[in-house]
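> What follows is each chain in one-letter form.
Protein chains: 2
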Amino acid sequence: MKNVKVIIWGLGAMGGGMADLLLKKKGVDIVGVAGRGAKIGKSMYDYIQTERGDRPDVLIGAPEDVIKEGAADVVLCCTDSFVKTAFDRLRFVLERKINVVSSAEEMAYPKAQSPQEAAELDRIAKENGVSIVGTGINPGLIMDLLVVTMTGCCEEVEHIVSRRVNSLSPFGPAVMEEQGIGITKEEFLDGVKTGKLSGHVGFHESIHMIADAIGWDVEKVTQSMDPIMTDVDRKSPYGFAKAGNVAGCAMKGQGYVDGELKIEMDHPQQIEPEQVGVQTGDYVIIKGTPNINMVNSPEVPGGIGTIAMCVNMIPHIINARPGLHTMIDLPVPRVIMGDMRDMICEEAKIVK
Amino acid sequence: MKNVKVIIWGLGAMGGGMADLLLKKKGVDIVGVAGRGAKIGKSMYDYIQTERGDRPDVLIGAPEDVIKEGAADVVLCCTDSFVKTAFDRLRFVLERKINVVSSAEEMAYPKAQSPQEAAELDRIAKENGVSIVGTGINPGLIMDLLVVTMTGCCEEVEHIVSRRVNSLSPFGPAVMEEQGIGITKEEFLDGVKTGKLSGHVGFHESIHMIADAIGWDVEKVTQSMDPIMTDVDRKSPYGFAKAGNVAGCAMKGQGYVDGELKIEMDHPQQIEPEQVGVQTGDYVIIKGTPNINMVNSPEVPGGIGTIAMCVNMIPHIINARPGLHTMIDLPVPRVIMGDMRDMICEEAKIVK
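Residue numbers (our numbering), protein chains in the order written: chain A, 5 to 356; chain B, 5 to 356.
This is chain A alone, in the form it adopts within the complex:
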């Protein structure tokens, strides 16, 4: 069997990390990178950690020049966070009869907020005989798939709390800005009001994924966003919060079933949590038969986790039946320590 052929669309922090990871794996080749602007024509190796060495070069090209029928088994789309902005790009790939793994947060469960676009992507994928899934560390695993999995050993579930307490210190300037690091309380509240601060994208997706998986009919999802003020100066590689200013963003989400609060999401993110004694971790707390009281501490880092999840889902999405998939209808993700081709069904391979 030929190596698995991958195209990466969007060589930012996530796409670049996926390139680095793929270059360490067996049985898989990066056959193209789609980008825009000044990156076009440049070598992929100018934008990633891995040295080119004696590998053949991969030049970044415009999407229409790189993504062509028969060019690859899968495109990793790392260009967007939202279904509506990603839609045209995803359709573009599917219409070229190539499978897609999308890192867009909303694509982890697109029907939560964009049911029409989700139905349309499903239709287009089926028409073209390929499949598409959105994944990442969160949404994609920590606050949803892992929760669903743990309900699997329960006879009944009454209430779910999913909590992710994480550090923003490893992240770059864009995340510092989106989360409001270093600004004043007033600026933060204003940023929430105007929508300038995005915070975490994914509560609607995680809540609907859990609810649909276990058979709860969620009638309402709410969420809130509060500043985490710091009493001490905190400094991370790309962020600085003076004492009295914002060091992070505490988001909470709520899913209601029959008028009752049944699913709670609690996701405080901040720089340098250790400095103020905050222990980071991923928590699954289920009130049910039996209760589940699970923690992974420290938390799975967001960047590495998303990079790994997208790469690790490549075999599953190549093997999947045509259509739009989600993490709850595919087999569980798993690290790829062997030859990626050993995980691929011959008949599902595009580049034979």
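Honestly, I wouldn't trust all of these hints.
Pairs involving identical chains hold if they fit within one copy or between any two copies, as the list cannot separate such chains.
[Stated by the list, open to error] With a Cα cut of at most 35 Å, we get these calculated DSBU-like pairs of lysine-lysine: (1) Lys189 with Lys246; (2) Lys30 with Lys224; (3) Lys291 with Lys353; (4) Lys189 with Lys356; (5) Lys356 with Lys115; (6) Lys291 with Lys28.
It is worth saying that the hints were derived from the structure and are not from the lab.
Following the hints, put chain B in place on chain A, whose structure we already have.
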């Protein structure tokens, strides 16, 4: 769509628990119970917790009288721990064109120790257009599927420790005997030598499941079994260990890849661990990128967990393509809080 129709084969602690659970669920009926000996002709309700009330009675019958083509969508087989002893019964069901969920520990990954029987079950299932899976709390989730899932957010994995520290106190006389509760050290060591003490069944299965999932080629699996001696008298509902005698059984398993110890299983089971300050829990400890350091404490109780896992996998095995499946090729288990029919694909349903 008609309700999902279930037959239970073996109405012991596990099968009986599944009956109780199914009676609480929507969209599913128990249409038959297969048993043997004195149970035949008796009401199912004589052997389970749930009161019959105004439900139609279900009489326990001989397997050949109960398990007939078109009689059910799935049979829950709760009769065995081992593939070789379960084989004829599983074949019997598959040849009657009914799907199977087996609680036999070795069926969680039958090719680990019985590759021929596994291949044969796969062939028979496919020939008859139905599917079969083995599951339970462990093997089935805690020491294998959960580990695999957490590797899904890893770029690389170097070493895995799966630890389940659990209490045997809820279990009955049979488990007390299998685990050597209350006997002397000499009796325990003798029981290990003669094979009279079975301890935990599942390390081969869990190790091979993890290794196959992530692409490690396990060349050797070893395991050991040691007595947990108690310094104090310990008493559980069905067990008693005098100070100086055996209060539990500590099993360890090892999986080797390229001569290196890569997967460790650590599973000490005892009555009344709280009495000696032992905190029970389920641990997933992965050395990799990133590290995973997860604990669910206290542990998922074995009995409830296995009952829930088997029932919760019913929709997945009805929907699955024909053949032998394992937990790593089906979607994740999940509690069933809605109508079970909403989780079933119409075309996969046997009893239309």
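> Hints numbered earlier in the text: which of these fail when held up against the supplied structure?
Violated hint: only 4; rest satisfied.
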